[in-house]
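Participant: Chain by chain, the residues run as shown.
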Amino acid sequence: MDITDFYDTFFEEAEELLADMERHLLELDIDAPDSEQLNAIFRAAHSIKGGAGTFGFDVLQKTTHLFENLLDHARRGEMTLRRDIIDTFLETKDMLHDQLDAYRNDEEPDQEAFARICQTLQQLALEEIGQGLEGAEDVPTPGDADSPGQQPATPEPPQAGAPAAEEAGDGGDQRLVVALIDVGDKDRALLIEELEQLGEIQAQQGNQACYEVTLITAVSRDDIEAVMCFITEPEQVQIRVDESEEAITAPAAEPAPEATLPGENTEAPQPAPPSATPAASRPDTNKNDASKTKASDAKPKKAKGSESSSIRVSVEKVDQIINLVGELIITQSMLDQTVSELDGVNNGNLLNGMNLLQRNARDLQEAVMSVRMIPMDFVFSRFPRVVRETSGKLGKEIELVTEGESTELDKSLTERIIDPLTHLVRNSLDHGIEPPEVREANGKPRTGKLTLSARHQGGNIIIEVSDDGAGLDRDKLLAKAQESGLSVTDTMSDDEVWQLIFAPGFSTAKEVTDVSGRGVGMDVVKRNIQGMGGQVQIMSARGKGTTIRIVLPLTLAILDGMSIKVGEEVFILPLSTVLESLQPSRDDLYPMAGDDVVLKVRDEYLPVVAVHEALDVTGAKTELNETIAVIVQGEGRRYALLVDDLIGQQQVVVKNLETNYRKVPGVSAATILGDGSVALILDIAGLHRLNRAKKEARHQQRPHHDLERRLHTEGEAS
Amino acid sequence: MTNLTNPSLDAAALEAQSREFLVFSLGEEEYAIDILKVQEIRGYENVTRIANAPDFIKGVTNLRGVIVPIVDLRIKFHLDKVEYGGQTVVIVVNVADRVVGIVVDGVSDVMTLTPEQIKPAPEFGVTLSSDFLSGLGSLEDRMLVLVDIDKLLTSDEMALVEQASE
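As they're listed, the protein sequences go chains A and B. Sequential numbering from 1 applies to the first sequence in full-length UniProt numbering. Sequential numbering from 1 applies to the second sequence in full-length UniProt numbering.
Simulated from the structure, these hints should not be mistaken for laboratory data. Only a predicted model underlies this, so the values are computations on that prediction, with no experimental measurement involved. Careful: at least some of the hints might be erroneous.
[Unchecked claim] Straight-line C-alpha distance at most 25 Å; calculated SDA-like pairs for lysine to any residue:
1) K476/A / S453/A
2) K621/A / G533/A
3) K449/A / E580/A
4) K565/A / V38/B
5) K76/B / G43/B
6) K694/A / D495/A
7) K663/A / V92/B
8) K565/A / V161/B
9) K411/A / F77/B
10) K663/A / K76/B
11) K600/A / E580/A
12) K76/B / R142/B
13) K480/A / S453/A
14) K694/A / V38/B
15) K663/A / S25/B
16) K663/A / Q39/B
17) K695/A / A53/B
18) K663/A / R142/B
19) K663/A / G533/A
20) K151/B / V38/B
21) K694/A / A53/B
22) K695/A / L63/B
23) K663/A / S155/B
24) K663/A / V66/B
25) K526/A / R638/A
26) K663/A / K480/A
27) K663/A / E45/B
28) K526/A / V161/B
29) K76/B / A503/A
30) K93/A / E127/A
31) K565/A / N52/B
32) K565/A / K694/A
33) K526/A / K600/A
34) K317/A / L63/B
35) K544/A / D490/A
36) K695/A / N52/B
37) K37/B / N52/B
[Stated by the list, open to error] Chain B is nowhere near these chain A residues, computed Cβ spacing over 10 Å in every case:
38) L25
39) A32
40) R75
Every residue gets a Cβ at the ideal spot worked out from N, C-alpha and C, and that includes glycine.
Turn these sequences into a full structure, and let the hints guide you.
Facilitator: Structure follows, in structure tokens:
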């Protein structure tokens, strides 16, 4: 995983920020500028600068840097806005957009345009505030712009003798005070850790509202800010040069008026200072611009090509389209049903048309659904950092392996899976993988291995977090559960014991660590995942490691279903849960102690769930040899469902029952069939639980229930 | 009713305070609900049964792509005669951001009631707690039971809304 994977995110974000910036610039009332709007514009420029710096987009970073400084003056009211200034700002914004496009196409931005815009901004600064801009030494001198023949690939390096006063710290060590405003304990610790890597921390003090760290560093303010922005919001970090000790470096980094200004500082050795061209009057610059724009017309055209390759669309819009397509599919199957009753000879054209419509509608549906799918890479790519930080803090050596990054998942699910997954990863790192010494003592490699994998299985995606750590400790879990007042027995199966960690308020961590063992627990993880229609399974072997498996539906909107008939009612089984169907022979059905009946399928005994009993369907077939057994899988277990008939497979649009009603046991959702009626989608595991609960209730009233009694009596008869 | 003699309460003010109700019948009785809660009125058809739900919840139906639960108030109010025929009507109401259909024997008309015509509801028995009534409307020789449909449908005993404890 390298940093280029984040490029697209940055491009999209920057694109949005620029759009925002433009909107604000256009709305801005020049006579009475709204400070909120100015701030918003400034923040947009600042964020783009930060990102550009992180990804090494030099030209973009430098341009935004100049722009930002100018905006800073504007928002402080040190610069009076005029119409032509706003125009210049808008032009700058367009230029930033061009640069962004160039980077997106893996090209170097137009150096000439870059030089020109820098000059324009410098000019503006000189005219309006009577001073140059900090960071100006990094930009090409006007000389560059005037001689386009010159090799433009590299911007002129910062001249050694161009201190331009304010950012003098860029070169040597400086003493900075980093103020963390309203940063929580955990984040603060992380930030300080980061700062330690950037320089030497001299002092730190303060409270949550404002915590100050004094740092001696050679790294520029902007770089520090860029690093910190990973952890916290830019507004939460304020960096200033420590003025109490001027010995180390130049004065205030903030462009305070009393700082030596380039405009005044004429003695400073500046070979080709940008501020040395105040003679060029404004109209001249504009004329210059116009001619240059023509000259470089060819380039932006190429950049346009990328614009059509992606558009940002709100998820609601996509959802609306998906819903409409769902309705279309329902209407289409309704028509289909009507048309299929017509005589094929006389209505050949109509039938052909219907076939075509059906195919087109399916294609349309698939295409629309694919819009929402994004690769798991989007989720996995943020874990190397999580692992690096967490393992560093815990003093563990951990190798992260990711598999199946290209597996696609519905966007709404990827977003919601991040938090639970982060929690599981942290948990694995903290509780699962042992410290290096312990590992060595146990004959394992020092470096622990954490594997994140994703793959498709049927209509589900399976995401696994596995570690090769100590595994879960059955005895400890049981003891802890007893302590917390949970009802446990020593005879519980491993699976049941592992599920204990999902109980609210359950933590086996001996002490609360920074990383895990407090706050949101595994119960929240489980609840989140169940809320997405998924399940969590745990596999653990003592001393070998633990695997936590999350099974999620690929999408929540569409489901491949198998429609079944019980009595007169039609239900849908998710096709992904259906393994096979067969006609059960009485010889394969065995009554079990109490109430249960099991079906023997190829040497496996499966619990039998009669759908008509679980769901109180009247008029269903009760003769065992007339029913069909559908072997299904739910929550890792298999069941044999007894149904009357299989109707067929079809894609259905999932409709939430809870929107207007409530959760129904044994039912996961509803859908609308071709005839416009509603069919319920069955939840296999829920159905089994429901069946068991009903049997228990019935057991109170009479010793044997129908199915079992029938088995007995039939057995006696034969 | 001293208000009646209050000269400041002229006809216009009365008009402004009066509310419109949709009147429907359950057996021989006449009930009314605030008309602003009503989304539409449609026939009773094509209801998919929901297993293990209370008997007055008839199931769910497809209302133009939206899954809507159908409640039979006649069963809820323990009426003797519950028949489904051509006259059986479903009033689709909007309560608490939900859409719910209620089955009634028929819809008769829309009435405007002034505050004076609305009397406080007496303490009732078991089937219909007075909590769910906003009053009794008296209209010449008719008496309308004004149902607070919001409270009724979101109440625990209707089991329509998931309770926080579950």
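Participant: Checking each numbered hint in turn, tell me which of them this model violates, lowest number first.
Facilitator: 1, 2, 3, 4, 8, 9, 13, 14, 15, 18, 22, 26, 29, 33 and 37
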